[in-house]
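Residue numbers (my numbering), protein chains in the order written: chain Z, 1 to 595; chain L, 1001 to 1154.
Derived by calculation from the structure, the hints in this document are not laboratory data. For clarity, every value in this text was computed on a predicted model and none was experimentally measured. The reader is advised that the hints may include incorrect statements.
[Claimed, not checked] Think about it this way: if two alpha-carbon atoms lie no more than 20 Å apart in a straight line, the pair counts; the simulated SDA-like pairs of lysine to any residue are:
1. Z:Lys578 - L:Lys1117
2. Z:Lys184 - Z:Lys61
3. L:Lys1117 - Z:Lys463
4. L:Lys1117 - Z:Leu270
5. Z:Lys61 - Z:Lys524
6. L:Lys1139 - Z:Thr568
7. L:Lys1117 - Z:Val117
8. L:Lys1117 - Z:Ser564
9. Z:Lys578 - L:Gly1084
10. L:Lys1117 - Z:Lys61
11. Z:Lys578 - L:Asp1095
12. Z:Lys578 - L:Pro1144
13. L:Lys1139 - Z:Asp569
14. Z:Lys463 - Z:Lys375
15. Z:Lys578 - L:Lys1139
16. L:Lys1117 - Z:Asp169
[Claimed, not checked] Partial selection, computed: residues in chain L whose CB lies under 10 Å from chain Z:
17. Ile1036
18. Thr1086
19. Phe1088
20. Arg1097
21. Tyr1113
22. Lys1117
23. Gly1127
24. Gly1130
Don't be surprised by glycine CBs; every beta carbon is placed ideally from N, CA and C.
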Amino acid sequence: MVRVRLTYRLAVPVLLSFSWILLVGGGAAKAAEDGQWTMPGKDYASTRYSGLDEINAKNAKGLHPVWTFSTGVLGGHQGQPLVVKNTMYVVTPYPNVLYAFDLSKEGYPLRWKYRPVVSPNAIGIACCGLINRGASYADGKIIFNLLDGHTVAVDAETGREVWMTKIADMSEGETTPMAPLVTKDRVIVGASGGEFGIYGWLKGLDLQTGKIVWTGRNLGPDAEVLAKPGVFNSHYDSDDTELASKSWPQDVWKEGGGPVWGWVSYDPDLDLLFYGAGNPGPYNTEQRPGDNKWTNSVLARRPSDGSLVWAYQFTPHDSWDYDAASVLIVVDQTIGGKARKVLVTFNKNGFQYTLDRATGEVLSAKPYVHVNWAKSVDLKTGRPAVDPAKETGASKGMVKNVCPSLEGGVSPVAPAAYSPRTGFFYTSINNLCMDFGATPVARIAGTPYIGAGTPYFLGPDSKNLGGFIAWDATTGKRVWESPEPFLAWSGALVTGGDVAFYGTLDGYFKSVDAKTGEVLSKFKVGSGVVGNPITYRGPDGKQYVAIYAGIGGDPDLFSGDVVSGDQTDVRPPSDFMKDIGRHTSQGGMVWIFGL
Amino acid sequence: MKSGHKLAAALPILALLATTSYVRSETPAEAPLPAIQPPSHIAAGHSTPPAGVLTNPYKGDADTAAAGAEAFASMNCDGCHGGGATGFAAPSLADGRWRYGDSEEEIFQSIYYGRPKGMPAFGGVMGADGTWILVTYLKSLPVPDNKTQSWETP
Chain Z
1 MVRVRLTYRL
11 AVPVLLSFSW
21 ILLVGGGAAK
31 AAEDGQWTMP
41 GKDYASTRYS
51 GLDEINAKNA
61 KGLHPVWTFS
71 TGVLGGHQGQ
81 PLVVKNTMYV
91 VTPYPNVLYA
101 FDLSKEGYPL
111 RWKYRPVVSP
121 NAIGIACCGL
131 INRGASYADG
141 KIIFNLLDGH
151 TVAVDAETGR
161 EVWMTKIADM
171 SEGETTPMAP
181 LVTKDRVIVG
191 ASGGEFGIYG
201 WLKGLDLQTG
211 KIVWTGRNLG
221 PDAEVLAKPG
231 VFNSHYDSDD
241 TELASKSWPQ
251 DVWKEGGGPV
261 WGWVSYDPDL
271 DLLFYGAGNP
281 GPYNTEQRPG
291 DNKWTNSVLA
301 RRPSDGSLVW
311 AYQFTPHDSW
321 DYDAASVLIV
331 VDQTIGGKAR
341 KVLVTFNKNG
351 FQYTLDRATG
361 EVLSAKPYVH
371 VNWAKSVDLK
381 TGRPAVDPAK
391 ETGASKGMVK
401 NVCPSLEGGV
411 SPVAPAAYSP
421 RTGFFYTSIN
431 NLCMDFGATP
441 VARIAGTPYI
451 GAGTPYFLGP
461 DSKNLGGFIA
471 WDATTGKRVW
481 ESPEPFLAWS
491 GALVTGGDVA
501 FYGTLDGYFK
511 SVDAKTGEVL
521 SKFKVGSGVV
531 GNPITYRGPD
541 GKQYVAIYAG
551 IGGDPDLFSG
561 DVVSGDQTDV
571 RPPSDFMKDI
581 GRHTSQGGMV
591 WIFGL
Chain L
1001 MKSGHKLAAA
1011 LPILALLATT
1021 SYVRSETPAE
1031 APLPAIQPPS
1041 HIAAGHSTPP
1051 AGVLTNPYKG
1061 DADTAAAGAE
1071 AFASMNCDGC
1081 HGGGATGFAA
1091 PSLADGRWRY
1101 GDSEEEIFQS
1111 IYYGRPKGMP
1121 AFGGVMGADG
1131 TWILVTYLKS
1141 LPVPDNKTQS
1151 WETP
């Protein structure tokens, strides 16, 4: 067995065969592979790529479970563990227990666990199940969000709470399942609540004290959006002023949504944070005429003071709940013969966008699943060519056959990965469409503010509801697909051994050949997977892969009878995914696989 | 305090407590009755605490139930409990099963005062009358025949 302490690997043969690949962007990504996993997306660039290569396409057939742990929690186990030095950190969904496992001891016993007090009111305000998307490690602290609107920092050695800050207001419909990102001395956090009429924001906290340093709204007046003259520039607008208030009826932005429930990336060279804002509220478009900036948009901010530097709106005046919460992967690619610093994202709306990350200019936008709400995206204006027949609103009744569904071509819950070795992106996908019937709705603070019924059905792409694909963003083409009978809700991992990993809603954890998509191993992990695999080098020098099982989040909402823990909640099977309840039930587990 | 006297009669240990100032037997008349009867709870010593009795003025009325179906949407109940109350982020209310009791007064209490596992209190925006209209709708929903089995054996 060869164990190589890898430097970040760009082998010569790979450069020859994929000559259009340059380096993965972001200084952190270029560092030597240390075998840890210290932030949600592995690195600031959010590549979910690890240079570890002990597990490879030849030996992955031998992967088997080496350890499991029941979290004792039934919610949706989204997110991923962290591994820092010899400790694995696991944050559970509500009630947000933090476990610290000692990987250097037989059986990985707990060093400690941290049990915060989390208000049960969060159960009723979290739109989409009891979920948490993970923690970040920085400066000796494990930092994560409690569902009830608090961010906490816990001493990574002792398990003692260092600080706790209230960041969100549940009485306004805000909850906080997203994973913070730490850049220098700022902890970057946001709130969910696009279905509760929140006034969406991103906040920067002080890493040492937890104090809120700045709040940047995603919509509203420039002063609150932190769009300052001479700093902010919108590539597609000639007048940059008051874009996020003038694109709304007066004051409607105050309850216009724009949540932050996805992932945050960072480019240290440009000193820019990148994140996506979610949907405008309510779903009924007729209550919010205008583009509704910056909902369904990518925003680029300075971490130190939150200043907005640029923004781009993927889906103006959203008719379909197309949040832009998907991960924005920081890579450098050669496009049209030119080396470009870009962001690559698989938007809920079905297009894979490549943007210039210094300006927000769209360089390409190609459908990665079946898309019928727009024919294309005009690169000159940045606007989608919308099919008027697919526009929704209360006066239009039930608009039939919109693809993709509001769950997304891929759910933003499931972040993609990028391998600098193959040059491909890896992501779960869903072949799901919907009808969309909007209705008028009144906002009652602290209750849902939705205004639509949206039945789902299998899309036209194949007989399979889901899949896992490799994607070439330079050509806008699928390289291969590993089909899945049910929707796919797992994040992706790809490694220096050219193996990609993902889990399935019916409870399999799979490894596939990153070059061909051939399934190399699979194991039934007890509950549907909605989390994201990670890999690390253990104290014994061996490579391991970890994944959560534990169906929840949106899949609990639409899966019918996958709930067994509440005898007072019995549902008929899902109408578009009838059999899922035969294959899985709730239950949180941490799994570690090895050779 | 009425309840103190009744419990004291039932259990000698409480009779002892009742002689102390811990049980405020010196202020019987003004003490309000504690909330309402929880009929589905087990009463210690088979001794049901005296409490206010709530009665649904619209019990079983079909027109009220139809109005309640509209209120279920307009008060955003469907945003959590799903269209037709069949369950979404919050439990199904159409399965004949009730976490906090199936009596009309207990369902009233759940809506009016809220419940600790995330159910907001709607009494402030709906009032008692609006709450009874919703209760009447929920109690009108047909309970499925097969209440315990998810799949038929082929």
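Quick rundown of the hints versus the structure:
1. Between Z:Lys578 and L:Lys1117 the CA atoms are separated by roughly 29 Å; this puts the pair beyond 20 Å, and the hint is violated.
2. Among the hinted pairs, Z:Lys184 with Z:Lys61 is inconsistent with the structure: their alpha-carbon atoms are about 40 Å apart, more than 20 Å.
3. Between L:Lys1117 and Z:Lys463, the direct Cα distance comes to roughly 39 Å. Violation of the 20 Å bound is thereby established for this hinted pair.
4. About 45 Å separates the Cα atoms of L:Lys1117 and Z:Leu270, which puts this hinted pair outside 20 Å; it is violated.
5. For the suggested pair Z:Lys61 and Z:Lys524, the alpha carbons sit about 14 Å apart, so the restraint of at most 20 Å is met.
6. For the hint pairing L:Lys1139 with Z:Thr568, the CA-to-CA distance comes to about 15 Å; that is within 20 Å, so the pair holds.
7. Restraint check for L:Lys1117 and Z:Val117: the C-alpha separation of about 14 Å stays at or below 20 Å, so the hint holds.
8. A C-alpha spacing of about 17 Å is found between L:Lys1117 and Z:Ser564, which places the hinted pair at or below 20 Å, so the restraint holds.
9. Simply put, Z:Lys578 and L:Gly1084 have alpha-carbon atoms about 19 Å apart, close enough for the 20 Å limit, and the pair holds.
10. A distance of roughly 44 Å separates the Cα atoms of L:Lys1117 and Z:Lys61; the hinted pair therefore is violated under the 20 Å criterion.
11. Between the alpha carbons of Z:Lys578 and L:Asp1095 the distance comes to roughly 18 Å, so the proposed pair stays at or under 20 Å and holds.
12. Our distance criterion of 20 Å between C-alpha atoms is met by Z:Lys578 and L:Pro1144, whose separation comes to about 18 Å.
13. A threshold of 20 Å between alpha carbons decides the hint, and for L:Lys1139 with Z:Asp569 the separation of about 16 Å falls inside it, so the pair holds.
14. For the hint linking Z:Lys463 to Z:Lys375, the alpha-carbon distance of about 23 Å lies beyond 20 Å, and the restraint is violated.
15. A distance of roughly 28 Å separates the Cα atoms of Z:Lys578 and L:Lys1139; the hinted pair therefore is violated under the 20 Å criterion.
16. The straight-line distance between the Cα atoms of L:Lys1117 and Z:Asp169 is roughly 17 Å, inside the 20 Å bound, and the hint therefore holds.
17. With 10 Å as the threshold, the beta carbon of L:Ile1036 stays out of range of chain Z, its nearest partner Cβ sitting at about 20 Å, so the hint is violated.
18. Annotation: interface hint on L:Thr1086 holds; nearest CB of chain Z at approximately 6 Å, less than 10 Å.
19. With a least beta-carbon distance of about 5 Å to chain Z, the hint placing L:Phe1088 at the interface is held under the 10 Å criterion.
20. Checking L:Arg1097 against chain Z by beta carbon gives a least distance of about 4 Å; that is within 10 Å, so the hint holds.
21. Here the hint on L:Tyr1113 is broken, as its CB sits about 13 Å from the closest CB of chain Z, past 10 Å.
22. Given hint, L:Lys1117 at the interface with chain Z, holds; its Cβ is 5 Å from that chain's nearest Cβ, closer than 10 Å.
23. At about 14 Å, the closest approach between the beta carbon of L:Gly1127 and any beta carbon in chain Z exceeds 10 Å, and the interface hint on this residue is violated.
24. Restraint check, L:Gly1130 versus chain Z: the minimum CB separation of about 12 Å is more than 10 Å; hint violated.
Checked against the numbered hints above, the structure violates hints 1, 2, 3, 4, 10, 14, 15, 17, 21, 23, 24; every other hint is satisfied.
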